[in-house]
Structure formats: structure tokens, C-alpha cells
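Colleague: Residue strings, one per chain:
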Amino acid sequence: MALPRTCINLSRLTSTSDKICMRLSSFASTQTAKEKWDLLSAVCLERKPVIARNLLPIEKEVLSMAQKMEYRLSLKSDHEIQLEKDRQRQERIKQGDADDSDMDQASLNSAQDFEDASVEELSKFPFADRITEADKEKDQKSLDRMLDRHLLLVVRQKLGTSSVWILPQGQRQEGETMRQAAERVLAESFDGKVQSRFLGNAPCGFYKYKYPKHIREQDGNSIGAKVFFFKAHVTSDSPLKKGSCIEDFAWLGRDELDSYLPEKYRKSVTEFLIDED
Amino acid sequence: MILVNIFSSRRTFIFTSFKENMIGIRRFIQPLLGFHTSAVQCAEPMKKKKKMDPSIIRHREQRKMKRIERSIRKLERVERPLKPLDETQIPLSLKYEIPIRQRQLQPISQDIELSQRELLVAWSHHKQKEAERDLACIRKLLDAQGKALKELKLESEELYIEATQLDLSLLPYKAVGPTRTPQIKGYDPPDGDYIDVSRKWE
Numbered sequence: 001m002a003l004p005r006t007c008i009n010l011s012r013l014t015s016t017s018d019k020i021c022m023r024l025s026s027f028a029s030t031q032t033a034k035e036k037w038d039l040l041s042a043v044c045l046e047r048k049p050v051i052a053r054n055l056l057p058i059e060k061e062v063l064s065m066a067q068k069m070e071y072r073l074s075l076k077s078d079h080e081i082q083l084e085k086d087r088q089r090q091e092r093i094k095q096g097d098a099d100d101s102d103m104d105q106a107s108l109n110s111a112q113d114f115e116d117a118s119v120e121e122l123s124k125f126p127f128a129d130r131i132t133e134a135d136k137e138k139d140q141k142s143l144d145r146m147l148d149r150h151l152l153l154v155v156r157q158k159l160g161t162s163s164v165w166i167l168p169q170g171q172r173q174e175g176e177t178m179r180q181a182a183e184r185v186l187a188e189s190f191d192g193k194v195q196s197r198f199l200g201n202a203p204c205g206f207y208k209y210k211y212p213k214h215i216r217e218q219d220g221n222s223i224g225a226k227v228f229f230f231k232a233h234v235t236s237d238s239p240l241k242k243g244s245c246i247e248d249f250a251w252l253g254r255d256e257l258d259s260y261l262p263e264k265y266r267k268s269v270t271e272f273l274i275d276e277d
Numbered sequence: 278m279i280l281v282n283i284f285s286s287r288r289t290f291i292f293t294s295f296k297e298n299m300i301g302i303r304r305f306i307q308p309l310l311g312f313h314t315s316a317v318q319c320a321e322p323m324k325k326k327k328k329m330d331p332s333i334i335r336h337r338e339q340r341k342m343k344r345i346e347r348s349i350r351k352l353e354r355v356e357r358p359l360k361p362l363d364e365t366q367i368p369l370s371l372k373y374e375i376p377i378r379q380r381q382l383q384p385i386s387q388d389i390e391l392s393q394r395e396l397l398v399a400w401s402h403h404k405q406k407e408a409e410r411d412l413a414c415i416r417k418l419l420d421a422q423g424k425a426l427k428e429l430k431l432e433s434e435e436l437y438i439e440a441t442q443l444d445l446s447l448l449p450y451k452a453v454g455p456t457r458t459p460q461i462k463g464y465d466p467p468d469g470d471y472i473d474v475s476r477k478w479e
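Each protein sequence line maps, in turn, to chains A and B.
Residues in the first sequence are numbered consecutively from 1, following this note's numbering.
Residues in the second sequence are numbered consecutively from 278, following this note's numbering.
None of these hints come from the bench; they were simulated from the model.
These numbers come from a predicted model, not from an experiment.
Warning: the hint list may mix true and false statements.
Stated by the list, open to error - Derived SDA-like pairs: lysine to any residue, alpha-carbon spacing no greater than 20 Å straight-line:
{"hint": "1", "chain 1": "A", "residue 1": "K76", "chain 2": "B", "residue 2": "L369"}
{"hint": "2", "chain 1": "B", "residue 1": "K462", "chain 2": "A", "residue 2": "D129"}
{"hint": "3", "chain 1": "A", "residue 1": "K68", "chain 2": "B", "residue 2": "L397"}
{"hint": "4", "chain 1": "A", "residue 1": "K141", "chain 2": "A", "residue 2": "K68"}
{"hint": "5", "chain 1": "A", "residue 1": "K208", "chain 2": "A", "residue 2": "K68"}
{"hint": "6", "chain 1": "A", "residue 1": "K60", "chain 2": "B", "residue 2": "P455"}
{"hint": "7", "chain 1": "A", "residue 1": "K208", "chain 2": "A", "residue 2": "Q157"}
{"hint": "8", "chain 1": "A", "residue 1": "K34", "chain 2": "B", "residue 2": "L369"}
{"hint": "9", "chain 1": "A", "residue 1": "K226", "chain 2": "B", "residue 2": "I375"}
{"hint": "10", "chain 1": "A", "residue 1": "K48", "chain 2": "B", "residue 2": "K462"}
{"hint": "11", "chain 1": "A", "residue 1": "K48", "chain 2": "A", "residue 2": "P239"}
{"hint": "12", "chain 1": "A", "residue 1": "K158", "chain 2": "A", "residue 2": "E263"}
{"hint": "13", "chain 1": "A", "residue 1": "K208", "chain 2": "B", "residue 2": "E428"}
{"hint": "14", "chain 1": "A", "residue 1": "K210", "chain 2": "B", "residue 2": "E428"}
{"hint": "15", "chain 1": "B", "residue 1": "K430", "chain 2": "A", "residue 2": "G224"}
{"hint": "16", "chain 1": "A", "residue 1": "K68", "chain 2": "B", "residue 2": "R416"}
{"hint": "17", "chain 1": "B", "residue 1": "K427", "chain 2": "A", "residue 2": "Y209"}
{"hint": "18", "chain 1": "A", "residue 1": "K36", "chain 2": "B", "residue 2": "S433"}
{"hint": "19", "chain 1": "A", "residue 1": "K34", "chain 2": "B", "residue 2": "L436"}
{"hint": "20", "chain 1": "A", "residue 1": "K85", "chain 2": "A", "residue 2": "S101"}
{"hint": "21", "chain 1": "B", "residue 1": "K424", "chain 2": "A", "residue 2": "T270"}
{"hint": "22", "chain 1": "A", "residue 1": "K267", "chain 2": "B", "residue 2": "L426"}
{"hint": "23", "chain 1": "B", "residue 1": "K404", "chain 2": "A", "residue 2": "I58"}
{"hint": "24", "chain 1": "A", "residue 1": "K241", "chain 2": "A", "residue 2": "G192"}
{"hint": "25", "chain 1": "A", "residue 1": "K264", "chain 2": "B", "residue 2": "L418"}
{"hint": "26", "chain 1": "A", "residue 1": "K141", "chain 2": "B", "residue 2": "D388"}
{"hint": "27", "chain 1": "A", "residue 1": "K36", "chain 2": "B", "residue 2": "L426"}
{"hint": "28", "chain 1": "B", "residue 1": "K406", "chain 2": "B", "residue 2": "R416"}
{"hint": "29", "chain 1": "A", "residue 1": "K85", "chain 2": "B", "residue 2": "I375"}
{"hint": "30", "chain 1": "A", "residue 1": "K48", "chain 2": "A", "residue 2": "Q195"}
{"hint": "31", "chain 1": "A", "residue 1": "K34", "chain 2": "A", "residue 2": "K226"}
Just chain A, with the same shape it has in the complex:
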């Protein structure tokens, strides 16, 4: 390439030619250093825990100890006072020195009856099960599974010739920000609107991979792809329907990611996922 005019002037001013050489070499390196990478956006869509985890043994011990201490430090409630009075009245009636007011009071509903009725109502109340049917069937497409843990959306997409289990990803188009690309990728992966809430404009994680050699060496192609992950929470529990861009999908817990995601990819992904013990 032709020497820039400024370089020729400099050569007249300075006696050394080193400066010109340095300028030329730096000009050349910035050209070749600017590799072409495809920019991809991926969605880290999670279903947050719906129920609290079971207590650890130490938590159970401390809870029972705290409840006992609270009982010791507390004062008697109205209900307890009433129970005591009822008991004393029963004693008086048994021993025969009861007066008319005692007999009147005894005929009313006693505090013990009220307590028994309340306890029975609680035992009969139909609470929903913590372990759902989806848990028992191990239905990986259901959002009802593993209610006390996070569920991560993983899809099987065709990349090049092979299909891999990854987080839904797609290339950024012209005029889009990375977050808009992520939202578009999610919309295209599934039929119907996915009720989700994206957490901010900034990516939460990063992964890059190079394309196979024969693709890289073709002119005009990029060396590889840089994937930027965006976090989102799924807000509805209606089941998703697979779209045309993906082959399959699954909602996975943290333990199940090992068998689905590729090794290096999984390491990058766990960097931005909340740890679960």
C-alpha cells in the first residue's frame, strides 16, 4: 500500500527510519487483528422456585429451640386463661362446690372444644402437594416439576451439521440491540407468546466458539461466534409449544445440565447461574 504523506514528511524531519517502520507495522497489525466474529444472543430463561426448600437438620433443631424459648418468655394468651378457668370450674363441679354462675358457664362451648375444632379443621384442609405429578412422571417439558428449585430452559438446535442441547440462541440482525435479539430468539423458538420478564439491558454471561476450519477459511465468513446471554424469568406456568426454529426443548434442574449441555459450554453457563446446594 502507498505510504501516507505524513510519513514521508516525518522522514525528512527525523534522521531515523525507525519511526516510519513502527507506524507502518502498527497500521498493518490493526487490519489483521480485527477478526470477524458473529454476534449471537442467547436467552437464559428460568422458572424461579415456587416453594421453600425442606429444612436442614440444624435448621429444624434451632427452630424447635427457638420456639421453646419463645414459649418460656411469653405471657399467657386469652385462650389459655379461658382454658385454665374452664379447668378450675370442672374441678369445682367435681368436688361439688360449684355455684349457679359456674353451671351456666359450663353449658356454653368451652375453650377446649374450640381448640379441638380448629385443630381438626387444619388437619382436614387440602394443601397442595409439594411433590407434584410432573415430579413423579419426570416430565421434563412441565413447569410443575421440582417446585423448590430453579428450572432452566434448554433447547436442541441444529448448529452446522449437528444438533446440540444449548440455551436458545440466534444471530443478531441489523438495527437490533443484543437484548432485542434475545427477545426475538425466544419468540421465534416457541409458538405463541412466552410470558417472560427480561432482567435489564446488559448481558449476564459470555461464550465464544470457533467454527470448523473449512467454514473459517472461506472468504467473507467469520472465524466463530460470540454468544451473549440474557437472563429472564418466566412469569406464567402455561406449557410451551415448540416452534420451527428448534427441534426439542426441556426444563432442567441444575443436576441435569451435566448430561445435556456440552462440557465447556456448561462451565460458561454455570458462571452466571445462581448456585444451588
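Using the hints provided, position chain B relative to the given structure of chain A.
Modeller: For chain B alone, coordinates are given in the frame of chain A:
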């Protein structure tokens, strides 16, 4: 009309001014010795009180009572406005009930107290490790985000600036925490649903 009190100092005026007429004046004053006058009142004398008929008085008081009772009943019929929580007071009756409400329990044995203390030490260790894990997790998440933003900046300044914009739709952020059991699908509460009818001033 000024009523002169002969026992006041004004008397001297009558006696000292005209000495030659003193005998004449003394003749005038003597019969007035029994005349008493009061101090200067810039007012009227009291009116005489008329005696009322006792039945009329009773009637009037009854009517007043009725009026007051009617107004009390009207106020009670209207719903009392609720007191703000800041103004609630502990009922005074509870102060006198404390001796009745105190529990008579046996003091804790030494063994149990020792085991409680050991448990609290173990608990503090557990919570400290939990806090350390949480902080490490947060640090890891922030590092991952920092790395991603750095890579994005290397690729394109424009996209980086877009990524660092605030997303105001996230504020105010509201999250409902996990419960002990999941929601019952299609539950119909026997007492009905709460519909919030509180006034909103915006």
C-alpha cells in the same frame, strides 16, 4: 352621685376647710353618722332574683337531657373512624393482668442450657458459611457480567452503550417469595375473595 364615707379621709375636707362654719357643719354631719356608703361601683345594683316554678325547671332539664342523649345515639350509629396504627395504645387493663398471665415454669437445667449454647454456636458457624457462599455466588455473577460487557465493548461501542442503559420498566421491582406449599389449582375460598376498595390518591 358620690357617696361619701364619713370614716374615710374625705371627712377631713368637711372639717378643716371652713373652721367658722364647723359648728354648723357638725350639726349637719351628726345626724348622718348612721349613714353608711359603699366604695365606688361603676355598675348597677343586683336585680332581685325571681323564684322559678320547680316543675318548669324540671321540665327544662329533662328536655336538655333528652337532646344530649339523642345526639349521643346519632354519633354511635355512625361508624367510628378507624384510628391510625401509630395511635394505637396497649389497653391499660393488661397492665393489671400481668401477674395473672405470667407463666410459672421450672428453671432450665444446666444440661439443657449447655446444649442450647452449643447449638447456637453451631448455628452461627452454619450461617457464616451460608453468608460466605452467597457472597461468593454474587461475586461470581458480577464477574461473569463484567466479562461479558468487556467483550461486548471490544466488539462494538454502540452495542455496549445500548447494553449499559437503565431499564426503568424493572422499577419498582416486585417479587413474591416462595411459600411452604404450592398454590391449589382452582381453589374457591369459602369466605370469598378480598377485593381492595381502598381509595388511591395519585
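Colleague: All the hints need checking, so say for each whether the structure fits it.
Modeller: Going down the list of hints, with the structure as the test:
no., hint, result
1, A:K76 / B:L369, "holds (17 Å)"
2, B:K462 / A:D129, "holds (11 Å)"
3, A:K68 / B:L397, "holds (14 Å)"
4, A:K141 / A:K68, "violated (44 Å)"
5, A:K208 / A:K68, "violated (56 Å)"
6, A:K60 / B:P455, "holds (18 Å)"
7, A:K208 / A:Q157, "holds (17 Å)"
8, A:K34 / B:L369, "violated (81 Å)"
9, A:K226 / B:I375, "violated (71 Å)"
10, A:K48 / B:K462, "holds (18 Å)"
11, A:K48 / A:P239, "holds (15 Å)"
12, A:K158 / A:E263, "holds (18 Å)"
13, A:K208 / B:E428, "holds (10 Å)"
14, A:K210 / B:E428, "holds (15 Å)"
15, B:K430 / A:G224, "holds (17 Å)"
16, A:K68 / B:R416, "violated (38 Å)"
17, B:K427 / A:Y209, "holds (17 Å)"
18, A:K36 / B:S433, "holds (12 Å)"
19, A:K34 / B:L436, "holds (17 Å)"
20, A:K85 / A:S101, "holds (13 Å)"
21, B:K424 / A:T270, "holds (14 Å)"
22, A:K267 / B:L426, "holds (18 Å)"
23, B:K404 / A:I58, "holds (11 Å)"
24, A:K241 / A:G192, "holds (7 Å)"
25, A:K264 / B:L418, "holds (17 Å)"
26, A:K141 / B:D388, "violated (53 Å)"
27, A:K36 / B:L426, "holds (18 Å)"
28, B:K406 / B:R416, "holds (15 Å)"
29, A:K85 / B:I375, "holds (16 Å)"
30, A:K48 / A:Q195, "holds (14 Å)"
31, A:K34 / A:K226, "holds (14 Å)"
Hint compliance for this structure: hints 4, 5, 8, 9, 16 and 26 are broken, all remaining hints hold.
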